[in-house]
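Participant: Spelled out from the first residue to the last, the chains are:
2 protein chains.
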Amino acid sequence: MNLQELKESLHLSKLSEEEIQELISIGHQHQIETDALLIEDGSEGFSFFVLLSGCLSVSQKEQRIAVLSPGAIVGEMALFNNAVRVGDVSALLPSTVLEINTSDFMPLVMHQEPVATKLMEHLGALMMKRLQQQDEELLRKAGENNPELQPFISSFAPLKKKLMADWALKYHAIGRPGKLEIAATKPSGTSQDLSVAYSPGVAEPCLEIHKNPEKAYAYTSKSQLVGVISNGTAVLGLGNIGPLASKPVMEGKAILFKKFADIDAFDLEIDQLDPDKLIETVCSLEPTFGGVNLEDIRAPECFYIEAECKRRMKIPVFHDDQHGTAIISGAGLINALELVNKKIDEIKVVFSGAGAAGFSCARYFITLGVRPENLIMTDIDGVVYKGRGDNNYLDELAVETDKRTLTEAIVGADVFMGASVGNLIKPTHLLSMNKDPIVFAMANPIPEIDYNLAIQTRSDVIMGTGRSDYPNQINNVIAFPFLFRGALDVRAEAINDEMKLAASQAIAHLAKEPITEEAGYDGGGVSFGRTYIIPKPFDRRLLIYIASAVAEAAIRTGVAGKELDIEEYRSQLRLLSAQL
Amino acid sequence: MNLQELKESLHLSKLSEEEIQELISIGHQHQIETDALLIEDGSEGFSFFVLLSGCLSVSQKEQRIAVLSPGAIVGEMALFNNAVRVGDVSALLPSTVLEINTSDFMPLVMHQEPVATKLMEHLGALMMKRLQQQDEELLRKAGENNPELQPFISSFAPLKKKLMADWALKYHAIGRPGKLEIAATKPSGTSQDLSVAYSPGVAEPCLEIHKNPEKAYAYTSKSQLVGVISNGTAVLGLGNIGPLASKPVMEGKAILFKKFADIDAFDLEIDQLDPDKLIETVCSLEPTFGGVNLEDIRAPECFYIEAECKRRMKIPVFHDDQHGTAIISGAGLINALELVNKKIDEIKVVFSGAGAAGFSCARYFITLGVRPENLIMTDIDGVVYKGRGDNNYLDELAVETDKRTLTEAIVGADVFMGASVGNLIKPTHLLSMNKDPIVFAMANPIPEIDYNLAIQTRSDVIMGTGRSDYPNQINNVIAFPFLFRGALDVRAEAINDEMKLAASQAIAHLAKEPITEEAGYDGGGVSFGRTYIIPKPFDRRLLIYIASAVAEAAIRTGVAGKELDIEEYRSQLRLLSAQL
Numbered sequence: 001m002n003l004q005e006l007k008e009s010l011h012l013s014k015l016s017e018e019e020i021q022e023l024i025s026i027g028h029q030h031q032i033e034t035d036a037l038l039i040e041d042g043s044e045g046f047s048f049f050v051l052l053s054g055c056l057s058v059s060q061k062e063q064r065i066a067v068l069s070p071g072a073i074v075g076e077m078a079l080f081n082n083a084v085r086v087g088d089v090s091a092l093l094p095s096t097v098l099e100i101n102t103s104d105f106m107p108l109v110m111h112q113e114p115v116a117t118k119l120m121e122h123l124g125a126l127m128m129k130r131l132q133q134q135d136e137e138l139l140r141k142a143g144e145n146n147p148e149l150q151p152f153i154s155s156f157a158p159l160k161k162k163l164m165a166d167w168a169l170k171y172h173a174i175g176r177p178g179k180l181e182i183a184a185t186k187p188s189g190t191s192q193d194l195s196v197a198y199s200p201g202v203a204e205p206c207l208e209i210h211k212n213p214e215k216a217y218a219y220t221s222k223s224q225l226v227g228v229i230s231n232g233t234a235v236l237g238l239g240n241i242g243p244l245a246s247k248p249v250m251e252g253k254a255i256l257f258k259k260f261a262d263i264d265a266f267d268l269e270i271d272q273l274d275p276d277k278l279i280e281t282v283c284s285l286e287p288t289f290g291g292v293n294l295e296d297i298r299a300p301e302c303f304y305i306e307a308e309c310k311r312r313m314k315i316p317v318f319h320d321d322q323h324g325t326a327i328i329s330g331a332g333l334i335n336a337l338e339l340v341n342k343k344i345d346e347i348k349v350v351f352s353g354a355g356a357a358g359f360s361c362a363r364y365f366i367t368l369g370v371r372p373e374n375l376i377m378t379d380i381d382g383v384v385y386k387g388r389g390d391n392n393y394l395d396e397l398a399v400e401t402d403k404r405t406l407t408e409a410i411v412g413a414d415v416f417m418g419a420s421v422g423n424l425i426k427p428t429h430l431l432s433m434n435k436d437p438i439v440f441a442m443a444n445p446i447p448e449i450d451y452n453l454a455i456q457t458r459s460d461v462i463m464g465t466g467r468s469d470y471p472n473q474i475n476n477v478i479a480f481p482f483l484f485r486g487a488l489d490v491r492a493e494a495i496n497d498e499m500k501l502a503a504s505q506a507i508a509h510l511a512k513e514p515i516t517e518e519a520g521y522d523g524g525g526v527s528f529g530r531t532y533i534i535p536k537p538f539d540r541r542l543l544i545y546i547a548s549a550v551a552e553a554a555i556r557t558g559v560a561g562k563e564l565d566i567e568e569y570r571s572q573l574r575l576l577s578a579q580l
Numbered sequence: 001m002n003l004q005e006l007k008e009s010l011h012l013s014k015l016s017e018e019e020i021q022e023l024i025s026i027g028h029q030h031q032i033e034t035d036a037l038l039i040e041d042g043s044e045g046f047s048f049f050v051l052l053s054g055c056l057s058v059s060q061k062e063q064r065i066a067v068l069s070p071g072a073i074v075g076e077m078a079l080f081n082n083a084v085r086v087g088d089v090s091a092l093l094p095s096t097v098l099e100i101n102t103s104d105f106m107p108l109v110m111h112q113e114p115v116a117t118k119l120m121e122h123l124g125a126l127m128m129k130r131l132q133q134q135d136e137e138l139l140r141k142a143g144e145n146n147p148e149l150q151p152f153i154s155s156f157a158p159l160k161k162k163l164m165a166d167w168a169l170k171y172h173a174i175g176r177p178g179k180l181e182i183a184a185t186k187p188s189g190t191s192q193d194l195s196v197a198y199s200p201g202v203a204e205p206c207l208e209i210h211k212n213p214e215k216a217y218a219y220t221s222k223s224q225l226v227g228v229i230s231n232g233t234a235v236l237g238l239g240n241i242g243p244l245a246s247k248p249v250m251e252g253k254a255i256l257f258k259k260f261a262d263i264d265a266f267d268l269e270i271d272q273l274d275p276d277k278l279i280e281t282v283c284s285l286e287p288t289f290g291g292v293n294l295e296d297i298r299a300p301e302c303f304y305i306e307a308e309c310k311r312r313m314k315i316p317v318f319h320d321d322q323h324g325t326a327i328i329s330g331a332g333l334i335n336a337l338e339l340v341n342k343k344i345d346e347i348k349v350v351f352s353g354a355g356a357a358g359f360s361c362a363r364y365f366i367t368l369g370v371r372p373e374n375l376i377m378t379d380i381d382g383v384v385y386k387g388r389g390d391n392n393y394l395d396e397l398a399v400e401t402d403k404r405t406l407t408e409a410i411v412g413a414d415v416f417m418g419a420s421v422g423n424l425i426k427p428t429h430l431l432s433m434n435k436d437p438i439v440f441a442m443a444n445p446i447p448e449i450d451y452n453l454a455i456q457t458r459s460d461v462i463m464g465t466g467r468s469d470y471p472n473q474i475n476n477v478i479a480f481p482f483l484f485r486g487a488l489d490v491r492a493e494a495i496n497d498e499m500k501l502a503a504s505q506a507i508a509h510l511a512k513e514p515i516t517e518e519a520g521y522d523g524g525g526v527s528f529g530r531t532y533i534i535p536k537p538f539d540r541r542l543l544i545y546i547a548s549a550v551a552e553a554a555i556r557t558g559v560a561g562k563e564l565d566i567e568e569y570r571s572q573l574r575l576l577s578a579q580l
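Those sequence lines, one after another, are chains A and B.
Counting from 1, position 515 in the first sequence corresponds to residue 515 in my numbering; the numbering is continuous, with no gaps.
Counting from 1, position 448 in the second sequence corresponds to residue 448 in my numbering; the numbering is continuous, with no gaps.
The set of hints was computed from the structure by calculation and includes no laboratory data.
Watch out, some of these pointers could steer you wrong.
Since copy identity is lost for identical chains, a pair holds within one copy or between any two.
[To be verified] DSS-like, lysine-lysine: derived pairs with alpha carbons at most 27 Å apart:
(1) 211 - 512
(2) 162 - 211
(3) 14 - 277
(4) 14 - 348
(5) 277 - 310
(6) 314 - 277
Given these sequences and hints, build the entire structure.
Facilitator: Right, here's the structure in full:
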């Protein structure tokens, strides 16, 4: 194969011209005869391949799982695992491959060679997609009762975890370390540009803002800037790992703000455990930001910290761990109750987990209409009852009851809300609940009860979890970017209960709409029902529905600093959602 | 002219295809006969024009200053002034123009229509360039003694100021308000991408950093992230305008970091006047940033605030107002002394202004070798002498002397350093100085003595100012971006005196090198001498020279957290400088 043919073949792989050049410069061509083995299951892998011509078969345990055409890449897992090959790859026709040794390729990536970085990102994404497909395939096959697949199924989960962990680390490290950069939005190439961006011209906007502080929204990035602020005391499920180690999460949160709502978010990791000092620091940053998203601050301090910051600041302050989950599970509850035809002021609700999310969800459910006496909170010590002697924030939720354990409390309940630990709820618990039980098992990554186990135990259950691989995912990203979008766009001075309720109602409403082209995905055949009570995170209409509802609520309740025509605003949001 | 011809003509204007479409959609074509007037000097202007065919003449006071060919834009000042036309424009040949009314165009800009924003940026830059050219032209003509131009010259300065102020405001407001946005550096388009950027994959880098804090440099943006932090108490020459009104300056500073050294800088405006609380806040942000640039914090608190932050933090902390000016004027001093053949330990130096810049320059000059007894500081109360009873930071610079005023102190001095107020120094002061006086008059925008006045008063003076329109500009941007680049790249835990000295020496050294292609500009015929003792801010070699010298000094003095091969590092910097 000459260079021109080689290039033409590589074009099939959808790589860029530069990426193709890169591969050619370090790759080696091989011919493979029909039926010859290119990759052997269980062997050590030190290279990956691009199929240039011919046809390859991929099989696992002698079952063919894919046929590859020219342009396909195979063996890329070697870059993330550097160990055992998973599956056999052999030629169905005489084939030509370009082999790239990881020992030739990885040094280029580590030296931040831009093309190698792009290629690595391409290969990482490819592997993630394949792992996801394989996961779905295995899930399907497991349902078909294939006992001979069992060893493979049980070895796949840890392999997937290892590969994903390796890619997660590489993803963060390659190219420019981390996930964020600060970019100029205005021309800055010439000295004349800089003479308006900086001294002397910059004095003009400074003086205008000094005369009228409102002008900061016109002349600085404040109007769409949110501070993502944490002290690292309750990071994901990892606990108190400190502010420095929390930085990847906060940068990730900033990316979600940008990707879903075009909001610029900057992460601040603050080394401060004293709640009052943390409050003072956050409040002193009010000139910098248009809004503050508190994140991963442990309970119970988080309640006091948020309340004080809200009281002292005139910009939206929102502790997502508390209210994000509350807004979305609230939306799910509204829709689930409609499906099972129960009234919110008649249902019995049991909570497990009185941390930031659980406590705030419980309060929010009461705001939504659950009677306080019908809501039982449980924590590691059992039922929070009047007289237990907590003498803290939990007293607000303590009820008169003779029940003392979750097992006692859940009997006859209509709703179970978990924000605690995985595998806490047994089939017997589920069976003891009322007809058509609603179970939101939000512990992550392992829910309080496994989705499939719950469905198999009771066919009348409506299940929601925090996981993306099951229906009804309760994922904060469904709310916070859009809630802030609406709040910032009307320059709200706070995010109040009415705005949160408006967000829940908008989410609940959207789940009942048919999946249109505007949604930005095909919907996979879903429509409103027990396995679709909450829209998917990638539904582009969330921006339009939630932001406009929140903006409208802010105007209605008098916290908006700026009026806008809601219909016109929806049109703007529609345009924005199409661009994201 | 049909649509096709119209488009072809507009292509000459170097606008983008979309910008051309935009203009066509709102413009109106006109024919102009030879000698007919398109724009009349002194008339009101409500539109601008693109010349489609023919030829136009631009004249001021009956002097032709330009001839315009098809594609040229004229009358754009109407967008920034909306008032009187400056100069006549008439047709030299039968011509066709496309006229765009500001009343049709500006609403598109105000609605953030992206193409209109780009066009506005184009027109703003065009006007700035023309104002600059006109300024230079007038300066030249003023030298030629044209008394009839005098009224025009004196009316031009305020007009230019007004136009620039208007553009500065529009520049900040159009498109996305402000100057910064936060961008994702990693792919984030799919749910698989987000599963590594955020939960669950993000837990991997978190855990790695938790095990080994150094890993934060590999997995987060910390390695090239600088916090630009101010409390707004001494902003430019505007004084204590507060943190909110300082935001445009801080965003501008961030842009300079990015443009000159590819460092991500994020601005924090902190509403905190208490020095100890400000220190505590800055120190608590150590996990967030790789370095801290304190900015526009008033003296004397700034000395204590910087010193404490330096003492308590293990990342570089640098108050640019103090040390930036010191480093560059130090470089200028080294070179100026070489030119006049004087020894640093023999010269007499007089300072005016004991604020952040003046005080720190004085200290730095002593570090460079000026004898303390040969340096006289003056402030608003005259000479800082031993026994004046300041009882504060100034005591460090108080000397035994019977001189009490600047007028007395400057007699026989070799060097005058001004960091105070405009027009303070009279010709008599300058004449009383020693032979070959060195005068750095850094008050901005009006120096302590006007550049031309000084040169006319004494031909043996070496003059430096803060202004870009005169030789020897002492501009902080010559140092801080590159200093931080070097410090971050070796993960320095501080910026110490040796690193600052290395920066000064690198700057001084570069001024003696011939202007090569690597400099990125033609140099305008300058070479080392009395009117070129300091490199120009846009010299691309500054990055290579300063960053490598600073990195080397950090390694040598044991504050580097990471070793690197300086020659290899210089090669990397050369690559980077070519990309910026």
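Participant: Which of the listed hints are not met by the structure?
Facilitator: Violated: hints 1, 3 and 4.
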